Amino acid sequence: MFAKKNSKMKKLMTLATLLAFIVPALVTASVVVDYQINFKASNVNPTVFLAEGPNYATANAQGLLYVNNTTSIDTYTAIENNAQVKFNSTLYTEYTILLNVLELVSTTSSSTTVWINGTLPKGVTLYITTSQESFTGSISSLGTPYNLGSPISLAGNGIDYITFYISGQIPSTGNTGSLSVQYLVK
Amino acid sequence: MFSRFLFVFILSVLIFSSFAVGITGASVIVASDYNVKHTNIPASIVYQQGLSNPPFDSASINSQGDSATVYLNTSWTSGIYTDDQGNTYWITTSGNVSVYNYNNNQFYYLPNIPHKYIFSPFTSVASVNYSSYEYTVLLNEKGYVYGYNGNTGQWFNATKEWGLTLQNYPGPWVSVTSNVMRYFNNFNTESFFFVSYSGAVAKYNVGNKSFHIFSTGQNLAIISTVANWNETEPYSGELYGLEWNGSVYYFQNKWRYWGNVFGSPGSGAVGITIGYDPNNGTQNVFVSLYQNNTPLYESYAQAGAPSSGGFFEAGSSPFNYGTVNGITYDNYDNIFYAVETNGTVAASFDLTTWYYLENITPPTSYSDVVSIAWVGAPNTNPWTSYAEIQSYQEPWNSLIFNISFASNRTGYEYMYSDYPFIPNSSLSQPVELSHKYTISVDYIGYPNMMGNSTFYFSVIFTYPVNAQPTIVIAYSLQFIVINHFYYMPVG
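So the protein lines, in turn, are chains X and C.
The numbering used here applies: residue 9 is where the first sequence begins, and numbers increase by one.
The numbering used here applies: residue 18 is where the second sequence begins, and numbers increase by one.
Think of the hints as simulated: they come from the structure by calculation, not from any bench.
Please read these numbers as outputs of a predicted model, since none were measured by experiment.
Glycine included, C-beta positions come from ideal geometry on N, C-alpha and C.
Any given hint could turn out to be false.
Just a sample of chain X residues kept apart from chain C, beta carbon distances all over 10 Å, derived [stated by the list, open to error]: (1) THR101; (2) SER119; (3) LYS130; (4) SER139; (5) PHE143; (6) PRO153.
Among the chain C residues that face chain X by a calculated CB cut under 8 Å, a handful are [unchecked claim]: (7) SER111; (8) ILE130; (9) GLY180; (10) THR182; (11) SER475; (12) THR487; (13) VAL489; (14) ILE490; (15) ALA491; (16) TYR492; (17) GLN495.
Okay, the calculated beta carbon distance ranges per label pair [as the list claims (entries may be wrong)]: (18) X:GLY145 - C:ASN121: 36 to 44 Å; (19) X:THR127 - C:LYS133: 37 to 45 Å; (20) X:SER175 - C:PRO506: 54 to 62 Å; (21) X:ILE147 - C:THR182: 52 to 60 Å.
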């Protein structure tokens, strides 16, 4: 009797031990698998993506703009979705304009509808133009600000340019935003 | 079946694209604590108060942040008074005193007031002139009084030497006048009367050197006064006060309402005097408005009557342009005088034909009222900078700004602009940020018109130099130019 009881206890303990190992492993595995699926699926380069623009290097060298996650796609330095975009400014500025520091690239011949989503720090405004933005002495010359989440029509194999306007002195905390791209091939 | 396929396709594209670039998505989850480099561009703009010959109350920078604000006072003619010998005095807020005597056709300036006496704008001037003494006193906004002794030719601190205590009472102190007269000089009664905006009255008797202050507790808005100078007449010794809204009061132990220039409260009444009506010889109260193309207003009732009886427009306008500041009456020569803020003086015997004095107060030039300096981090890449200034409010014609740039680097000293004669954005020159640069802002005040003026001055840096800008950085400084007393609500 005692021996039988002991045997059941052993089975239960074995089962419990197995569960203790398996359950977390399953949970972990589901995250990893989920991640792996996305990772594998994204192994194909996107046809529309954000990239460093013609003036990114200058702005970065001056310490005004930094993007933390990039990768190479073709000849572009692509910016990964949800990468952090950090802004900086100097003391007592009224405003800072970073012209054509990012770009929106299409590598498909089809026109696409694109949404730029995410967040920008308070005081930062994004402008997007089909040709390189220029500063002609007034802020109004920059055109109409882009509202995140609004649809953009991007020409096939086209490039749109992104300019940032920073109002005042951006605080040292809360100076980071993130951007991601969604698109629909027509 | 096809529509279901299409839906799945679109959905997959959307989902797909959302993650497509997230190649190393894990690093997003594990946020790295990266450091942003310090900027290589100008560390800061430093606004400095002007160093050389600042006018009183000038260039006080009240904030430093996204923008800074500087208050600049111009100098304008703020008071006029004629004594009983026919000497007409008019002053600027910075203490320049002009004197004109019609009878002997003399024009001259009093010697410069000591610089240490100039720390608050002078609001008013008055004079007493008797055989044994001759004093011209200037009252400043804070209630300090400085006198010029015509017998010794010396300026003196009247507040100190006469024991005046106006400065201990709430200001601003807006007006000084005296009760002198031509034929009835009385050694014991010749006095200066000082009046604050709220209506406090102080009297200094020059003869017996007594001082008395009446703190009335009344909450008026007096901006100009005149004494009923013929103290041997009925109602003698009364003091009249004028409010910007046109209300006239007389003072007998306290202020009593006498009438309103407009019939009911309006705006723009700026100067009051008592003179002889050129037509019937009665002694009436006259009021000037600050607007040009406006004749004087005259009371129907004589000075000293219980009430004004209303006012009417008398004669023709003394000025066709500019801003009228005040009026006075020369009881010795029977002449009305009116003065503008730019120092132009008009004179008339009959209020219809006006004559003008050519010796008007010259515009005041203030140099280096504010300096703007910046020092950049070591950087061999030059930027381009230019300055621009914009006015959001009239008047444009009151000021000329000179903007000059200087640096400690040879060859970069020249950036200069006469505003508004050089258009915006035309002032540009490469600057290397490893050197210290200073921008000095001078201005010349032409106090032609009262009015609020706000100017925005921006220094804009663009990078790289001589090319389409990649980076634009702007610094802003706001100038608020003051060319009238705040208690005169122009607008």
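Against the structure, the hints come out as follows:
{"no.": "1", "hint": "THR101", "verdict": "violated, 6 Å"}
{"no.": "2", "hint": "SER119", "verdict": "holds, 14 Å"}
{"no.": "3", "hint": "LYS130", "verdict": "holds, 13 Å"}
{"no.": "4", "hint": "SER139", "verdict": "holds, 12 Å"}
{"no.": "5", "hint": "PHE143", "verdict": "violated, 5 Å"}
{"no.": "6", "hint": "PRO153", "verdict": "holds, 16 Å"}
{"no.": "7", "hint": "SER111", "verdict": "violated, 32 Å"}
{"no.": "8", "hint": "ILE130", "verdict": "violated, 38 Å"}
{"no.": "9", "hint": "GLY180", "verdict": "violated, 48 Å"}
{"no.": "10", "hint": "THR182", "verdict": "violated, 44 Å"}
{"no.": "11", "hint": "SER475", "verdict": "holds, 7 Å"}
{"no.": "12", "hint": "THR487", "verdict": "holds, 4 Å"}
{"no.": "13", "hint": "VAL489", "verdict": "holds, 4 Å"}
{"no.": "14", "hint": "ILE490", "verdict": "holds, 5 Å"}
{"no.": "15", "hint": "ALA491", "verdict": "holds, 5 Å"}
{"no.": "16", "hint": "TYR492", "verdict": "holds, 6 Å"}
{"no.": "17", "hint": "GLN495", "verdict": "violated, 10 Å"}
{"no.": "18", "hint": "X:GLY145 - C:ASN121: 36 to 44 Å", "verdict": "violated, 59 Å"}
{"no.": "19", "hint": "X:THR127 - C:LYS133: 37 to 45 Å", "verdict": "violated, 59 Å"}
{"no.": "20", "hint": "X:SER175 - C:PRO506: 54 to 62 Å", "verdict": "violated, 33 Å"}
{"no.": "21", "hint": "X:ILE147 - C:THR182: 52 to 60 Å", "verdict": "holds, 54 Å"}
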